[in-house]
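Asks: Protein sequences appear in the order of chains A and B.
What the first sequence shows, in our numbering, is residues 1 to 587, in sequence order.
What the second sequence shows, in our numbering, is residues 1 to 188, in sequence order.
These aren't lab readings, by the way, just hints derived from the structure by calculation.
Since the structure is predicted, the reported quantities are computational estimates derived from the model, not experimental observations.
Keep in mind that the hints are not guaranteed to be accurate.
[Claimed, not checked] With a straight-line cut-off of 25 Å between C-alpha atoms, the simulated SDA-like cross-links for lysine to any residue are:
(1) A:K576 to B:A14
(2) B:K23 to B:S112
(3) A:K198 to A:K576
(4) B:K23 to A:R536
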Amino acid sequence: MEHNLLSNAVVYLGAAVLAVPLAKRLGLGAVLGYLLAGMAIGPWGLKLITEVETILHFSEFGVVLLLFLIGLELEPARLWSMRRPIFGWGAAQLLGVAWQVALVGALGLSLSSTAIALATLGERNLMGTPAGQASFAILLFQDIAAIPMIALIPLLGVAAADSAGGGWTGAARLAAVVLGAVVAGRFLVRPALRIIAKSEMREIFTAFALLLVIAISLLMQWVGMSMALGAFMAGVLLADSEYRHALETDLEPFKGLLLGLFFIAVGMSVDFGVFLSKPWLILGLVLGFLALKLAVLFALSTRFGIARGQRWLFAFLLSQGGEFAFVVFGAAGAARVFSPEAGSILVAVVALSMVTTPLLLLLHDKVLEPRYHGQNVREPDAIEDNEGHVIIAGFGRFGQIVGRLLNANRIKLTVLDHDPDQIELLRRFGFKVFYGDATRPDLLHAAGAGKARALVLAIDDIEDSLALADAVREHFPDLPILARARNVTHLYQLMDRGVTIIERETFESALQLGRRLLSQLGYGAYRAREATLKFREHNKASVDAVYPVYKDREQYVSMSKRARDELNEMFARDLKSYEKESEKGWD
Amino acid sequence: MPNPRILVIYAHPAPHRSRINRKLADAARALDGVLVHDLYETYPDFFIDVAREQALLEQAELVVFLHPIRWYSMPSLLKEWVDTVLEAGWAYGPGATALLGKGYWLAVTTGSPEEAYRPGERHGRPFEAYLPPFEQTALLCGMHWWPPHILHGANGADEAAVAAHVAAFRARLEAFLLTPPKGQADGT
C-alpha cells in the first residue's frame, strides 16, 4: 500500500512536471497542462493510475484550500461591500440557466468551476478586473447555492432522503456550527495561533494551519455545507488576523499541489469509454452546453455593464461545468434521480467542458483580444525603444508628481500603469503611458528596463511593489530602484530587497505641515525649517536604527505589535535627542 | 504705503534670539517710507524669487543691509541673495543701470569688541580691513557707499549702548526721509 502511494506520487508529480511547463511553453496555460497530464496517465491513457474516484475525492481538498486562501484575502468588510455583485450576479446567472434546461442536470451544469476559473484568473492576474470580480462573485454564489441543491436532490429521487441533511434538526445543527465557528475563530483560534507562533516551531504552525482547514471542512460537511464553502468562511473569519500572511505562505504550496492533483484527476476521469460509444451525443451535448452557457453569460455581461473587451473573457471563464457538478451528479446517482449511464455521460460532458476552457481562453487571447486592442482593455503594450529613459511604475497620485517633475525637466519617461482610463487621459496630454502589470518580467523587458536609467517604484499596492522590486532585482540587477514606501514596515521590506533610495509617502508632507504649524505658533520661518530638518534627520536615523530590531522580530511578531514597538522606540529616541538645545549668544 | 524710499534687507538666521538687530529692524519698521524685508522669514529654503527682489530694489533710493557679521562676512542667505539677485546686465556690467545712484548702507553688529580687531589681537586687523568686498559690491553696481553703522561687542553691550545705537540708526533713516526724493534710475 505504501509502495503504491509512493509510486503513484511519482506518476503524478512526473506527469505534472512534464506536462505543465510544456503546456505553458505552448501558451496553453497550466490548467490545461494538468488536465492533459491526467488524461495521459489515466485509465484511458497509459493506465498508470486506476483509482480515479479516490484521487478526485482526495484532491478536492485543493479546492478547499483555494477557497480558504481566497477567504483570507477577503476581509469581512470587503465581502460585505461585494454583497450586491455576489447576489445580483449569482442569482441572475443561476436563474438564467435554470429555466432553460431541466432540473438536476441543469442545476448541476449551471455551476461553473471555481477551481479552473480562479486558477486561471490568478495565473493571468485578472482578479482585479471587472470581469474577474464578476466571475468571483458568481463563483462564490454558486458555492453557496450548491448546498441547497445537494440537499434538494434526494427529495427528487426514489431513494430515501438523506437523514443528515434535512429537517429542522439539520438546520439547527448548521446554525449552531456556523455560530460556533465564528465564536471559536475569534476566541480560540487566534490565541492558539499566537501561542503556537510564540513556540517558534515553524512546522507546527503549518501543521496547525492544515489541521484548522481540514477540521473546519469536515465539520461543515457533517452539517451539510460544502467543504469549500466552509473553508472559505474560515478564511474570511481569519482575514483580519495578524497571522494572515503566515497562513497564506504556509498553505500556498499545499493548495498549489492539491489543486494540480485535482485537475489531473479531472483529466483522468474523462470516460473515453462512454465517449467512444456515443461520441456524437457527447460532443453535441458539450457543444450545446457550451453554446448555451456562453450565450447566457454573454447576455449577462452586457446587462451588467462589463466593458465590451472583457465580455468574451468573462463568458469563457465561466463557460465550463464545475467540480460541484460531479458532486451533484454523484448525489443524484445515489438517489437514483437518473441512471448510471446518464450520470456518466453528464460527468464526461462536464469534464470535457473543463478541458475546453483553456482552449477557449487561448482563442480569446489570439483572436478576439487583438480586436479590442485600443479599447478599454488591452494586452500589455509593445513599448517603443526609449533609450536613456526613466520608468515610472504606478502613475497614481504619487507617480504623477514624480513624472511631471521629470517631464518638466525634459527627461524621457516610460510610464506603466494598469488603469486603462488613466492611460488614455494621460496619453492625450502627450505622456508616454503604457498599460500592463508592471510586476511581470516580460513587460519590464518590453518597457526597455535594460536601457532605463532608473525605475521609480510608485505602485500603491505593497505586495505588488515588493514583487516588482524582486523582479527588477532578479532580471535587471543594475537598474537603480527609487521607491515609494507606504509605511515603515514597507520601507524595511524594500530595504530587505536592497533598495536604498526610498521615500515614505506621507513623511515629507507631514513634516511640511508640522513646519507650517511651527510657523503658525510663532516660530520664524527659518527656525521652523531648521527644527523640522533636525527632526527629519533624527527620525531617519531612528528608522535606520530600528531596522535590525525589525529583522529580528520579523518572523513571528504580529504586524500591529511590530508597528507599536517601533513607534514606542522612536518616541523614546525623540525625547532623548531633544533634552538640551544650546542657547549660545546671538546679537 | 506709497513706494518706500528705503529698503532694509534684514538677514538674521535666529531673530528669536537677537537682542540688537531685532531692535534695529523694529525701529526701521516703525517709520513710514521704510520697508523692512526679512530674508530668513521670506526664503527659509534659500530659494529666492529674483524678479521680486529686483523689483523691490528698483523702487528704493537707499538700500540698508542689516545683519550680524558672521565669519567676517554676511549670513549665508544674504550671500545667496547677492549671488542670485545682483545679476550681470541688471546690477552691473554693460547696460546695467538698475541700482545706479542708490545708497548702500551697511548696518552690522560684531560679537567681539572693537579691540579684537587690531593687529596682534584675535581678528588680526582693523574691522575696516574686512569691508572691501561690501564696498566694491556697491561700487560695481554704481551705488553710493554710506559710512557703515557698526556696533562692536554686541554680545556684551549694555542696554544704554544698545539704545544709543538704535536711536542713531533711526535718526539717520529719518534724516534721509526728510531729503527730497531723487529721480529714480528706472525713470518712474
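Asks: Are the hints correct? Go through all of them and say.
Replies: Going down the list of hints, with the structure as the test:
Restraint check for A:K576 and B:A14: satisfied, since their Cα atoms lie roughly 24 Å apart, inside the 25 Å limit. Proximity of B:K23 to B:S112 is assessed by CA-CA distance (about 19 Å); at most 25 Å being required, the pair is judged to hold. A hinted pair counts as satisfied when its Cα atoms are at most 25 Å apart, and A:K198 with A:K576 does not qualify at roughly 32 Å. Restraint check for B:K23 and A:R536: not satisfied, since their Cα atoms lie roughly 32 Å apart, outside the 25 Å limit.
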